[in-house]
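Chain by chain, the residues run as shown.
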Amino acid sequence: MIVSCRNVSKVFDDRVVVDELDLDVPAGQCFGLLGPNGAGKTTTLKMIYGVTRPTSGTVHVFGEDVSRDPRSVRKRLGVTLQENALIEVLSSVDNLRVFGRYHLLSEAEIEARVDSLLDFLDLRSHATLPVQALSGGYKRRLSIALSLMNDPELLILDEPTTGLDPAVRLSLWSRVGELRARGKTVLLTTHYMDEAERLCDRLAILSEGRVLVDGAPKQLILSHLARDAVELDQDPSRHAALLGALHDVKSLRGGRRLIFYGDDGPALLDATRRAGADHEGLHLRPTNLEDVFLSLTGTGLEGGA
Amino acid sequence: MRVSPRHALSVWKRNFALYRRTWKMNLLPNFFEPILYLVSMGIGVGAYIQEMGGTSYIAFLAPGLVAVAAMNGASFEVTYNAYVRMNFEKTYESMLTTPIQPEDVLAGEILWAMTRSTIYGGCFLLVVAAMGLVPPLRALVAFPIVPLTGLLFAAIGIAFSLRIPSIDLFSFYFTLFLMPLFLFSDVFFPLQERLTGVWLQVAELLPLLHPVRLMRTAFAGELGPMVAWDLAYVALLSMLLLWAAARVTRRRLTQ
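Chains as they are written, first to last, in my numbering: chain A, 1 to 305; chain B, 1 to 255.
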């Protein structure tokens with residue numbers, strides 16, 4: 001395991017932010033931490049890279065106890081923070097150089113790394129302009145480049161694509177894929193379920209500082225819900241009748257939306273129609289991670305059977 | 001955790017890289033400030049003063065203003081700049097994702113504030129020497145007092161910055177702390193001659209008084225027993241404040 005958290009808790013004053021959390025990130029995989037705002041994702045990451053000490057429990061990274069020697073652990077990992085922390089009046093190249101010095105790289109090593117990262121994250125076009133003049137997507141790519149200056153074995157990304165346009169997100173996803181192909185381990189947090197489903201080999205869903213479930217995305221979908229989902233848009237006053245008629249089917253409701261889950265989609269669709277659902281707005285789709293997330297965390301939706 | 005000098009130096013290099021881009025804008029106003037005082041007070045007011053402390057008024061002002069330039073050079077760095085880096089720009093947060101530790105951040109920042117202090121104090125010392133207000137050899141002896149003054153005011157400033165809840169409070173620091181120090185620390189008139197009794201002892205608490213007196217001693221080329229007390233004051237207060245600042249820095253940056 002690259003990262004292994006055992007029984008980790010973090011208490012700020014009287015607030016329990018992380019609660020007896022267990023987490024294992026295997027080598028060479030992309031691992032996702034999901035959870036509603038305030039679930040303890042960022043605090044968990046901070047304990048993993050050793051800037052925050054757990055109140056109790058242990059965190060091992062690369063087999064080393066992080067709190068014993070954070071310097072030697074951080075030498076081998078890179079972190080992209082949720083908020084970009086760039087030197088706005090300096091160019092991308094100078095920002096990268098400054099970061100290389102934090103890692104005590106030699107000037108020759110720094111130049112070589114800068115050169116390869118300018119290509120890897122597609123930064124070369126504006127490499128010598130002050131960062132303040134650049135777009136949000138460019139700055140995010142630069143932030144990720146900074147965290148790769150030391151060629152880390154483990155890359156930690158805290159909400160890497162929040163607020164970015166679809167094209168930038170796609171290109172970042174493919175970079176993460178390339179890093180994984182080179183044998184790096186990636187640990188990321190995200191609020192985008194499509195991102196998690198697409199990128200992560202494994203993921204854990206956190207709520208109130210605890211791991212609710214973890215596993216491969218597909219396996220989580222199958223074990224918690226089912227392969228297919230029938231979604232309908234229906235006046236809430238009619239939900240009770242439908243839920244009654246399909247009482248043995250897993251479901252989820254919120255507002256006008258009512259979703260039924262089953263392994264045989266067409267049959268489920270027929271059953272829903274027979275139960276008297278409006279044909280308008282009724283549709284069959286594959287179950288996705290968002291369904292699992294909402295059924296587990298209940299955010300904004302009341303959980304069904 | 002102990003300071004790693006190489007990591008502290010990388011923090012210093014970060015600030016230096018930024019300074020290299022902006023030094024022209026920064027250097028000029030800071031450079032002219034003490035010169036303006038020297039000209040206005042020394043030549044303007046000095047015309048009405050026969051002598052002060054045994055010399056011309058302009059020669060009396062010169063050593064104190066060198067210490068003030070050193071004080072100001074360090075102060076901006078560890079107040080507004082450090083506060084912004086810590087609370088708004090998330091600079092320290094990003095440093096701590098690398099092998100840099102909180103103590104390295106603090107050491108690098110203090111070293112940088114001393115550097116700025118040395119640039120401003122040193123430049124002004126050169127001007128003063130060029131004007132013939134201090135012989136070159138004595139200016140050389142006076143020079144190490146510049147970074148020492150920088151250390152003291154870097155320590156005082158960072159201790160303040162680490163404790164305040166809002167950036168607005170720096171106006172108190174500058175107007176109600178540094179400004180009175182500037183006016184009442186032996187720079188413009190011989191403080192010891194204007195005070196009597198217990199006030200003489202109270203005045204010894206003023207942090208700027210000691211660098212000013214050290215500078216005056218170096219300019220005059222007369223070594224007295226007071227030098228040991230002044231040096232001890234600067235060294236002990238700096239160490240005490242930095243030791244406390246290291247603890248607060250670790251707590252603030254690792255929570």
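Think of the hints as simulated: they come from the structure by calculation, not from any bench.
Check before you lean on any hint, since a few could be wrong.
What the hints assert, rightly or not - Label pairs and their in silico Cβ distance ranges:
| no. | chain 1 | residue 1 | chain 2 | residue 2 | range |
| --- | --- | --- | --- | --- | --- |
| 1 | A | Ser106 | B | Tyr80 | 45 to 53 Å |
| 2 | B | Leu231 | A | Asp13 | 55 to 63 Å |
| 3 | B | Asp168 | A | Gly28 | 46 to 54 Å |
| 4 | B | Val141 | A | Arg15 | 37 to 45 Å |
| 5 | B | Ile167 | A | Asp13 | 39 to 47 Å |
| 6 | A | Glu88 | B | Arg250 | 53 to 61 Å |
| 7 | B | Ile167 | A | Arg257 | 23 to 31 Å |
| 8 | A | Gly183 | B | Ala159 | 56 to 64 Å |
As the list claims (entries may be wrong) - Keeping only pairs whose Cα atoms sit at most 20 Å apart, straight-line, the calculated EDC-like set for lysine to aspartate or glutamate is:
| no. | chain 1 | residue 1 | chain 2 | residue 2 |
| --- | --- | --- | --- | --- |
| 9 | B | Lys13 | A | Asp158 |
| 10 | A | Lys218 | A | Glu290 |
| 11 | A | Lys218 | A | Asp235 |
| 12 | B | Lys13 | A | Glu197 |
| 13 | B | Lys13 | A | Glu107 |
| 14 | B | Lys13 | A | Glu231 |
| 15 | B | Lys13 | B | Glu93 |
| 16 | A | Lys139 | A | Glu107 |
| 17 | B | Lys90 | A | Glu83 |
| 18 | A | Lys139 | A | Asp119 |
| 19 | B | Lys90 | A | Glu178 |
| 20 | A | Lys139 | B | Glu51 |
| 21 | B | Lys90 | A | Asp233 |
| 22 | A | Lys139 | A | Asp122 |
| 23 | A | Lys250 | A | Asp270 |
| 24 | A | Lys139 | B | Glu33 |
| 25 | A | Lys75 | A | Asp122 |
| 26 | A | Lys75 | A | Glu88 |
| 27 | A | Lys139 | A | Asp165 |
| 28 | A | Lys218 | A | Asp233 |
| 29 | A | Lys139 | A | Asp158 |
| 30 | A | Lys218 | A | Asp270 |
| 31 | B | Lys90 | A | Glu88 |
| 32 | A | Lys139 | A | Glu197 |
| 33 | A | Lys75 | A | Asp119 |
| 34 | A | Lys218 | A | Asp24 |
| 35 | A | Lys75 | A | Asp165 |
| 36 | A | Lys218 | A | Asp194 |
| 37 | A | Lys75 | B | Glu33 |
| 38 | A | Lys139 | A | Glu88 |
| 39 | B | Lys24 | A | Glu83 |
| 40 | A | Lys218 | A | Glu197 |
Where is the CB? At the ideal position from N, CA and C, for every residue including glycine.
Hint check:
| no. | hint | result |
| --- | --- | --- |
| 1 | A:Ser106 - B:Tyr80: 45 to 53 Å | violated (34 Å) |
| 2 | B:Leu231 - A:Asp13: 55 to 63 Å | violated (43 Å) |
| 3 | B:Asp168 - A:Gly28: 46 to 54 Å | holds (50 Å) |
| 4 | B:Val141 - A:Arg15: 37 to 45 Å | violated (57 Å) |
| 5 | B:Ile167 - A:Asp13: 39 to 47 Å | violated (24 Å) |
| 6 | A:Glu88 - B:Arg250: 53 to 61 Å | violated (27 Å) |
| 7 | B:Ile167 - A:Arg257: 23 to 31 Å | violated (46 Å) |
| 8 | A:Gly183 - B:Ala159: 56 to 64 Å | violated (47 Å) |
| 9 | B:Lys13 - A:Asp158 | violated (27 Å) |
| 10 | A:Lys218 - A:Glu290 | holds (12 Å) |
| 11 | A:Lys218 - A:Asp235 | violated (31 Å) |
| 12 | B:Lys13 - A:Glu197 | violated (41 Å) |
| 13 | B:Lys13 - A:Glu107 | holds (12 Å) |
| 14 | B:Lys13 - A:Glu231 | violated (58 Å) |
| 15 | B:Lys13 - B:Glu93 | holds (17 Å) |
| 16 | A:Lys139 - A:Glu107 | violated (23 Å) |
| 17 | B:Lys90 - A:Glu83 | holds (8 Å) |
| 18 | A:Lys139 - A:Asp119 | holds (15 Å) |
| 19 | B:Lys90 - A:Glu178 | violated (29 Å) |
| 20 | A:Lys139 - B:Glu51 | violated (61 Å) |
| 21 | B:Lys90 - A:Asp233 | violated (45 Å) |
| 22 | A:Lys139 - A:Asp122 | holds (11 Å) |
| 23 | A:Lys250 - A:Asp270 | holds (16 Å) |
| 24 | A:Lys139 - B:Glu33 | violated (38 Å) |
| 25 | A:Lys75 - A:Asp122 | violated (25 Å) |
| 26 | A:Lys75 - A:Glu88 | violated (25 Å) |
| 27 | A:Lys139 - A:Asp165 | holds (13 Å) |
| 28 | A:Lys218 - A:Asp233 | violated (26 Å) |
| 29 | A:Lys139 - A:Asp158 | holds (15 Å) |
| 30 | A:Lys218 - A:Asp270 | violated (25 Å) |
| 31 | B:Lys90 - A:Glu88 | holds (12 Å) |
| 32 | A:Lys139 - A:Glu197 | violated (25 Å) |
| 33 | A:Lys75 - A:Asp119 | violated (23 Å) |
| 34 | A:Lys218 - A:Asp24 | holds (18 Å) |
| 35 | A:Lys75 - A:Asp165 | violated (32 Å) |
| 36 | A:Lys218 - A:Asp194 | holds (12 Å) |
| 37 | A:Lys75 - B:Glu33 | violated (44 Å) |
| 38 | A:Lys139 - A:Glu88 | holds (10 Å) |
| 39 | B:Lys24 - A:Glu83 | violated (30 Å) |
| 40 | A:Lys218 - A:Glu197 | holds (8 Å) |
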